[in-house]
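There are 2 protein chains.
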Amino acid sequence: MGIRDEMIAMGQRAKAAAHEMAKADMETKRTFLERTAERILEQKDRIAAENAKDIQAAEAKGLPKAKVDRLRLSDKVLREMTDGLRQVAALSDPVGQITGMWTRPNGLRVGRMRIPLGVVGIIYESRPNVTVDAAGLCIKAGNAVILRGGSEAIHSNRCLAAILQESLKETGFPEAAVQVVGTTDRQAVLELLKLEEHIDVMIPRGGEELIRFVAENARMPVLKHYKGVCHIYVDEAADLDMAQQVCLNAKVQRPGVCNAMETLLVHKKIASAFLPPMAEAFRGQGVELRGCPATRDLVPECVPATEEDWSAEYLDLILAVKVVESMAEAIEHITRYGSAHTEAILTENIDRAMAFIQEVQSSLVLVNASTRFNDGYQLGLGAEIGISTSRLHAFGPMGVEELTTTKFIAFGTGQLRT
Amino acid sequence: MGIRDEMIAMGQRAKAAAHEMAKADMETKRTFLERTAERILEQKDRIAAENAKDIQAAEAKGLPKAKVDRLRLSDKVLREMTDGLRQVAALSDPVGQITGMWTRPNGLRVGRMRIPLGVVGIIYESRPNVTVDAAGLCIKAGNAVILRGGSEAIHSNRCLAAILQESLKETGFPEAAVQVVGTTDRQAVLELLKLEEHIDVMIPRGGEELIRFVAENARMPVLKHYKGVCHIYVDEAADLDMAQQVCLNAKVQRPGVCNAMETLLVHKKIASAFLPPMAEAFRGQGVELRGCPATRDLVPECVPATEEDWSAEYLDLILAVKVVESMAEAIEHITRYGSAHTEAILTENIDRAMAFIQEVQSSLVLVNASTRFNDGYQLGLGAEIGISTSRLHAFGPMGVEELTTTKFIAFGTGQLRT
Chain A
1 MGIRDEMIAM GQRAKAAAHE MAKADMETKR TFLERTAERI LEQKDRIAAE NAKDIQAAEA
61 KGLPKAKVDR LRLSDKVLRE MTDGLRQVAA LSDPVGQITG MWTRPNGLRV GRMRIPLGVV
121 GIIYESRPNV TVDAAGLCIK AGNAVILRGG SEAIHSNRCL AAILQESLKE TGFPEAAVQV
181 VGTTDRQAVL ELLKLEEHID VMIPRGGEEL IRFVAENARM PVLKHYKGVC HIYVDEAADL
241 DMAQQVCLNA KVQRPGVCNA METLLVHKKI ASAFLPPMAE AFRGQGVELR GCPATRDLVP
301 ECVPATEEDW SAEYLDLILA VKVVESMAEA IEHITRYGSA HTEAILTENI DRAMAFIQEV
361 QSSLVLVNAS TRFNDGYQLG LGAEIGISTS RLHAFGPMGV EELTTTKFIA FGTGQLRT
Chain B
1 MGIRDEMIAM GQRAKAAAHE MAKADMETKR TFLERTAERI LEQKDRIAAE NAKDIQAAEA
61 KGLPKAKVDR LRLSDKVLRE MTDGLRQVAA LSDPVGQITG MWTRPNGLRV GRMRIPLGVV
121 GIIYESRPNV TVDAAGLCIK AGNAVILRGG SEAIHSNRCL AAILQESLKE TGFPEAAVQV
181 VGTTDRQAVL ELLKLEEHID VMIPRGGEEL IRFVAENARM PVLKHYKGVC HIYVDEAADL
241 DMAQQVCLNA KVQRPGVCNA METLLVHKKI ASAFLPPMAE AFRGQGVELR GCPATRDLVP
301 ECVPATEEDW SAEYLDLILA VKVVESMAEA IEHITRYGSA HTEAILTENI DRAMAFIQEV
361 QSSLVLVNAS TRFNDGYQLG LGAEIGISTS RLHAFGPMGV EELTTTKFIA FGTGQLRT
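First to last, the sequence lines map onto chains A and B. Note that full-length UniProt numbering has the first sequence beginning at 1, numbered continuously upward. Note that full-length UniProt numbering has the second sequence beginning at 1, numbered continuously upward.
Hints were generated in silico from the structure; no laboratory data involved. Among the hints, erroneous ones may be present.
The list cannot tell twin chains apart, which means a pair is met if one copy fits it or any two copies do.
Subject to a maximum C-alpha distance of 30 Å in a straight line, what follows is the list of computed DSS-like cross-link-like pairs (lysine-lysine) [as the list claims (entries may be wrong)]:
#1 K23 <-> K269
#2 K53 <-> K23
#3 K227 <-> K194
#4 K44 <-> K23
#5 K23 <-> K268
#6 K65 <-> K23
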């Protein structure tokens, strides 16, 4: 059987499983999620052994540290995965929820009911925890899922897939509700992207190259985000101590991810008080600064920023810094160079906080908190299946509700259209 | 200036207008909608004169009656248009609404706020009332819109566009918030479909050919429906008098539209009581029946149905009829041949009604009412901008909410990610 036929067969099995899953009752779905969390902890050693193979191979290949970091199923990542599954298990079941109901003048009662999307495709790189997060959310929302992870995580993914399949079987669900593409052949991705009859939505997760490849080749709708050029604007009315801590957290807590800060905008009135100690704190963490002339006047060791720096997603310990005349200039800068991912304002002034929240059209806009919170788990959605920076269907982290849609329902007593 | 540059310039103007419109306050938007409704009635004769040109041209070209019917801006259509505008004006403004807010264990307050989609493109055929319905909904939701109607409605569309522009100007909105492509050159459509930097979503309305053309060529997301193969299932526990009236309404009240019934499914237990008088009523309205063998046993003049009939969207006075063994068989038939548009069950049995509502995954599922209600105006959304039969972003009639999305917002007190 060629790779094309293999993918079509996989799609057909997924479609049939989706049909079953749409009818699955909430208790059984909850049991599946809780049992999977338990099983992951029970099988910790088995997972660690397989994960170690991927880590070793990555290190042997000389992958950059940030990439190796993403592969690692550390205790913390395992705990986040299982916490995520339990949190998803505990969420109210979205399927069958009536999200609204009203009566028309002719007596027709009209409402909306949540239903699953059908078959969800996920194509991802690196992080093997996506396998579990994505499967859990898709099942909770009554979908079937086809997962295609990166070749560098193949041992971890196969192991996690086996655990998921064992759990599905035990629960009495069709095993085809979660399928992992076992081959690392890139042709498999192209074939998956052609299955618009079998896959209702494709969600790519990974680098910009992968996402563009999926967006350009997929025949089904795609939920995607290209990059996170996240900004923090430190307002003239900011609490400067808090600002220093939040900026440090946003830049260095995990620099290799999409919600890390890439550009810092500082109001000119507090620049001389804020920037020198901030720069020293960044220096202590090994962060290279690239600044505008006003920044360089205050921070002599700062590298001059070029035009490219303002739209750069470094994913590394590098930060662009700009002094601005006003919040309006900060918002203009964000509109021009940003990626609509995550922006924060740090201020004690309520009017500017509310204006920033209203006017900045990014998937998450924060007041006085780190950009690193743009994450489904952190925002309380349970594990997330990705972050959308385009506005259709979902904008921002996508949790269990974003894996459903609503249909209209209507109860009549013989109403006719006149 | 070539057509490509013209469309790009139009897109840039729309993008700038969308930026303004996102900040428009609800009172001014309401004034715009109400004044536009008044202006349409004031300009009734002007509209009638321009519409007459399109009708005459269509009749001279020998277009089928159903197509000419769709062009006509009758008093009833004008009334529906202006009622729609006023209903949309009276709806609560979706922009800025907080659709939910919750607090995380670390004290971060997280919520979702509705924002406009940006620039909406509409490509449509025939019905010139779409120009007004679409513009009204787009403005209410804070978007800018680019409209491209069919060449056969060009006089009506230009006239309605002029009225809209007058109204925008009077209200103090950018005139580029509603732009109508003035040329009938088909190249303009292709150029519009390339403007993924300027148009956030494209909504085609019209025949299957147009919709496929848009779906295949658009670089931006597309909200679409291909066809309406709508079913009514008359259950064994149906009120047969009501059933006859509902079925008649669903087939003949306006046969040329997507929510008209195309296939009638009848439970075998009531087939002999129901079908002969039903067939007589259809005969009285000039409806041709194409039936399964069991139907033909009861209705001798019925034409034999072929396999193609079960998936046909006739848009005409033709109906496919099938006798089924059970509701399960009816649902199987719908799943196999339907288009996920609109299905109804007619029954007095609550258990089967609820099961049908749960199990049939169409954009509108009705109990004891005509399929003709699948329409934004009829379901209470105000005028609609289209009906989506794919599940992403919107499923079913799309009103003002479907022209928005939500962003996440978060209020903190210096929270850091650990």
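Hint check results:
For the homomeric pair K23 and K269, the shortest alpha-carbon distance between copies (28 Å) is at most 30 Å, but the shortest distance inside one copy (60 Å) is not. Within a single copy, K53 and K23 get their C-alpha atoms no closer than 39 Å, and across copies no closer than 54 Å, so neither meets the 30 Å cut-off. For the identical chains of this complex, K227 and K194 are neighbours both inside a copy (25 Å) and across copies (22 Å), given an alpha-carbon limit of 30 Å. In this homomeric assembly, K44 and K23 never come within 30 Å of each other (Cα to Cα): the closest approach is 32 Å inside a single copy and 52 Å across copies.
Taking the closest pair of Cα atoms, K23 and K268 come within 30 Å of each other only across two copies (27 Å); inside a single copy the shortest separation is 59 Å, beyond that limit. Proximity of K65 and K23 under a CA criterion of 30 Å is satisfied in neither setting, with 44 Å inside one chain copy and 44 Å between copies.
Hint compliance for this structure: hints 2, 4 and 6 are broken, all remaining hints hold.
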